[in-house]
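2 protein chains.
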Amino acid sequence: MQIDVALVHYPVVNKLGETIGAAVTNLDLHDIARACRTFGVGSFYVVTPYHDQQEMVREILAHWRTGHGARANPDRGEALALVKLCANLASLYEAVNADRGQHPTVLATSARSEGRGWTYDQVRRADGPLLLLFGTAWGLAPEVLAGVDGVLPPIGGADASYNHLSVRSAVSVILDRLLGKRS
Amino acid sequence: MQIDVALVHYPVVNKLGETIGAAVTNLDLHDIARACRTFGVGSFYVVTPYHDQQEMVREILAHWRTGHGARANPDRGEALALVKLCANLASLYEAVNADRGQHPTVLATSARSEGRGWTYDQVRRADGPLLLLFGTAWGLAPEVLAGVDGVLPPIGGADASYNHLSVRSAVSVILDRLLGKRS
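Residue numbers (our numbering), protein chains in the order written: chain A, 1 to 183; chain B, 1001 to 1183.
Just so you know, these hints were derived from the structure itself, not from any lab.
For every residue, glycine included, the Cβ atom is placed at its ideal position computed from N, Cα and C.
Do not take every clue at face value.
[To be verified] Each pair of labels, with its calculated beta carbon distance range: (1) A:A160 x B:D1127: 20 to 30 Å; (2) A:D159 x B:S1091: 26 to 36 Å; (3) B:S1091 x A:D99: 23 to 33 Å; (4) A:Y50 x B:E1143: 42 to 52 Å; (5) A:Q122 x B:S1161: 46 to 56 Å.
Given only the sequences and the hints, what does the whole structure look like? Please build it.
Structure representation (structure tokens):
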């Protein structure tokens, strides 16, 4: 399977359901890049329209890819080498199309059941490239969910009453469900 | 399944393989507590012998369980309610025995294949309570691995050459493999 991952910082919602732009979290970059590298994801797109946030991401990446961090912990640079910056969803879709040579199937993730649900089995059997969208803050804004090809079911155990995984955990679990090798 | 989780800060190894004590990471507490609550884990034990670190954990827990954080984000307090502090492995085992009324099967996790491997299917079919040990830094020290009932296989995709998931991701994936509801 050819999977790319995008972490969206705008438009997302806050806990009141209002559309906001979220700040980039350093540990999201690290944890999600490490999970992407572990499971064989192609690219990890970080989507934010804010120039100061883009600059911060570039500084973090430079530290680990070519700076002191690259010498101290080369494994980290290898994971962060997957990160690409995009200003918005339009340029994200353009970048993935250009890189994969075709439109990917775009699947959003959500902590709530959104309808138009694909099962994980369906996703594993899907043809062609896949792009998975993850939202920061309280999740992807409704206009993002309205524009995708499908939504993955929320993650949970037997008691589904608590749906507050970190996005770092959600990415890891979903990549394992789609790409993980059981042994 | 009755599963408890322990995050061990001593004894663990650094990247040179030397036995060290690691500092507690705030986001480990949050992410792992949220994953434990999501998947129905009983208790999340944080194991550290250092009094200043224990004090820091108590302050973080108080903020989210009864302080300002409890009012601002009650979901977080609900997850962090699972956290219990232990000074060392001996008191961890004592606490789990007392709480579960019997010895749990103790399984360690490792980013390397350690032998004495259990498969995830075997673990899911196991009787009685389970205690999962996760190491911080570069993983659990050899003396910890030597004293457990088994070791879970490392997590990865088709290409198993990169084994540097964050412990936050590893806990999330393993709990999903053991307790996650597929839909």
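For the range 26 to 36 Å, tell me whether the beta carbons of A:D159 and B:S1091 fit it or not.
With a Cβ separation near 29 Å, A:D159 and B:S1091 satisfy 26 to 36 Å, so the hint holds.
Starting from the hint 23 to 33 Å, judge whether the C-beta atoms of B:S1091 and A:D99 obey it.
violated, 52 Å
Outcome for the supplied range 20 to 30 Å, where the beta carbon pair is A:A160 and B:D1127
Given range 20 to 30 Å: holds, Cβ gap about 25 Å.
Per the hint of 46 to 56 Å, is the separation of the Cβ atoms of A:Q122 and B:S1161 within bounds?
Violated, at about 29 Å.
Determine whether the Cβ-Cβ distance between A:Y50 and B:E1143 falls within the hinted range of 42 to 52 Å.
holds, 48 Å
Hints 3 and 5 from the list above are not met by this structure, while the remaining hints are.
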